[in-house]
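Peer 1: Chain by chain, the residues run as shown.
Number of protein chains: 2
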Amino acid sequence: MKKDDRIIELSKIFWEKAVPSVSIDCVVFGFHNDSLNVLLLRMKGEEAWMLPGGYLFKDESMEDAARRILYERSGAERIFLHAFGIFGGLNRSESFFDAYDDTLWHKQRFVTAGYYALVDQTAVTPAIDEFSDRCEWLPVDQLPAMLMDHGLIVQTALTSLREQLSHKPIGYNLLPETFTMPELQSLYETILGEQLNRGNFYRKIMRYNILIKLDEPRKGGAHKAPNLYRFDEEQYKKALSQVYW
Amino acid sequence: MKKDDRIIELSKIFWEKAVPSVSIDCVVFGFHNDSLNVLLLRMKGEEAWMLPGGYLFKDESMEDAARRILYERSGAERIFLHAFGIFGGLNRSESFFDAYDDTLWHKQRFVTAGYYALVDQTAVTPAIDEFSDRCEWLPVDQLPAMLMDHGLIVQTALTSLREQLSHKPIGYNLLPETFTMPELQSLYETILGEQLNRGNFYRKIMRYNILIKLDEPRKGGAHKAPNLYRFDEEQYKKALSQVYW
Chain U
30 MKKDDRIIEL SKIFWEKAVP SVSIDCVVFG FHNDSLNVLL LRMKGEEAWM
80 LPGGYLFKDE SMEDAARRIL YERSGAERIF LHAFGIFGGL NRSESFFDAY
130 DDTLWHKQRF VTAGYYALVD QTAVTPAIDE FSDRCEWLPV DQLPAMLMDH
180 GLIVQTALTS LREQLSHKPI GYNLLPETFT MPELQSLYET ILGEQLNRGN
230 FYRKIMRYNI LIKLDEPRKG GAHKAPNLYR FDEEQYKKAL SQVYW
Chain E
30 MKKDDRIIEL SKIFWEKAVP SVSIDCVVFG FHNDSLNVLL LRMKGEEAWM
80 LPGGYLFKDE SMEDAARRIL YERSGAERIF LHAFGIFGGL NRSESFFDAY
130 DDTLWHKQRF VTAGYYALVD QTAVTPAIDE FSDRCEWLPV DQLPAMLMDH
180 GLIVQTALTS LREQLSHKPI GYNLLPETFT MPELQSLYET ILGEQLNRGN
230 FYRKIMRYNI LIKLDEPRKG GAHKAPNLYR FDEEQYKKAL SQVYW
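Taken in sequence, the protein lines are chains U and E. Each residue of the first sequence is one higher than the one before, starting from 30 at the first, in the numbering used here. Each residue of the second sequence is one higher than the one before, starting from 30 at the first, in the numbering used here.
To be clear, the hints were calculated from the coordinates, so they are not data collected in a lab. Don't take each hint at face value.
One copy or any two copies: either way a pair holds, since identical chains are not told apart in the list.
Unchecked claim - Below 30 Å or equal to it, Euclidean Cα-Cα: the simulated DSBU-like pairs (lysine-lysine) are: (1) Lys87 x Lys41; (2) Lys87 x Lys136; (3) Lys266 x Lys197; (4) Lys253 x Lys266; (5) Lys87 x Lys46.
Just chain U, with the same shape it has in the complex:
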């Protein structure tokens, strides 16, 4: 990375304003056209991509910091956020700021907390920051080269999402307001990376008691109109807080 006066200027602000040694990285999942995607940034002059991330300010909680960082990069608010892991290996980012001396904020050792978020991809406006030239949705099964340990962080988030899906409902925020059963199943299959039996899927999803069947099926199309569902928000929230064995 080339030396940049703006980074030195920001370094001074962070020493003043932020908690040392702690950073936050967000894995933002979106679902579109049967593809599970993740929101990534590319820094100017770099080939590899990175997660939207940032630092913890002295006057905010970790969760508020994660929400702020996510909002800055995506405009998304009031989203489902889950702290899924902590990444505290030695030398995580050692060589990245080689051009700077050791007083640079960014050259500290950082322990980063991983938060994943599920968002409605169509309702999000990816926004580059001053150091990046691209901010895009990229398919999670074809990740580009990633900076530092960000590839590992995405994989860990995906595992955690899959585990969550095995015992909690998922879909709210990832699907449009109304959807068909095959569309919901397709979301599950995409996240799990495997085909599911239709009957089993129907049975398991119904036991959560989170779906409301609409009176009107979807219009248009040559075939029999498929039934439409929407989530029952209250039941959905209840199911999120329960453990199913």
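Start from chain U and add chain E according to the hints.
Peer 2: Coordinates of chain E only, in the frame set by chain U:
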């Protein structure tokens, strides 16, 4: 808390040796006589209890730090450790070190990473440290008053353990080497805090394919001798890395 010269001495060592702002708290679960217990310390002169915890040294990874802290308090090695959450609220420990000035290491704002561990309670020797007068197993459903946010940390660990149990096998390390099906079911019921149907339990646990039935049933007792099982270590590890939907 009263002022203690030893804490001031340690503060200087930590400023030198440890990463600022990051701490680790361990929720160590053990299972004994149908009770799920957690390993807690009580500081000298305090009424409330706390989790075994500590700081991250500059030359170790987060996971190594968690293992070291756990080893110091319990003598347990090579245990299952899981980072289940990050606790970064404002003012988590604000008033605790009031007697000291702000140069004290312990008075920083700390973001703490929660790790839970599952151990064989009979193989562990709880060890007090120089600041505590008690280190004991206490039942998780009758927790005493806890310092700072440690009560919340235990509850979050328990929720995470319950969720893990809904989609991964649990029992290895928590049960003796051989056990009966009712003993395994009792462990699950204790963690979940609810009764389970015997047939359903048997069916679900068998699909993991992790149990080996021994040729010899348990000896002694007036009733029909119950079948004994042990875990198939290899299958158990495989099941841990899979997602069951």
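Peer 1: Now, for every hint given, state plainly whether the structure supports it.
Peer 2: Hint check:
{"no.": "1", "hint": "Lys87 x Lys41", "result": "both (14 Å within a copy, 23 Å between copies)"}
{"no.": "2", "hint": "Lys87 x Lys136", "result": "both (19 Å within a copy, 14 Å between copies)"}
{"no.": "3", "hint": "Lys266 x Lys197", "result": "both (10 Å within a copy, 23 Å between copies)"}
{"no.": "4", "hint": "Lys253 x Lys266", "result": "neither (32 Å within a copy, 46 Å between copies)"}
{"no.": "5", "hint": "Lys87 x Lys46", "result": "both (6 Å within a copy, 23 Å between copies)"}
Hint compliance for this structure: hint 4 alone is broken.
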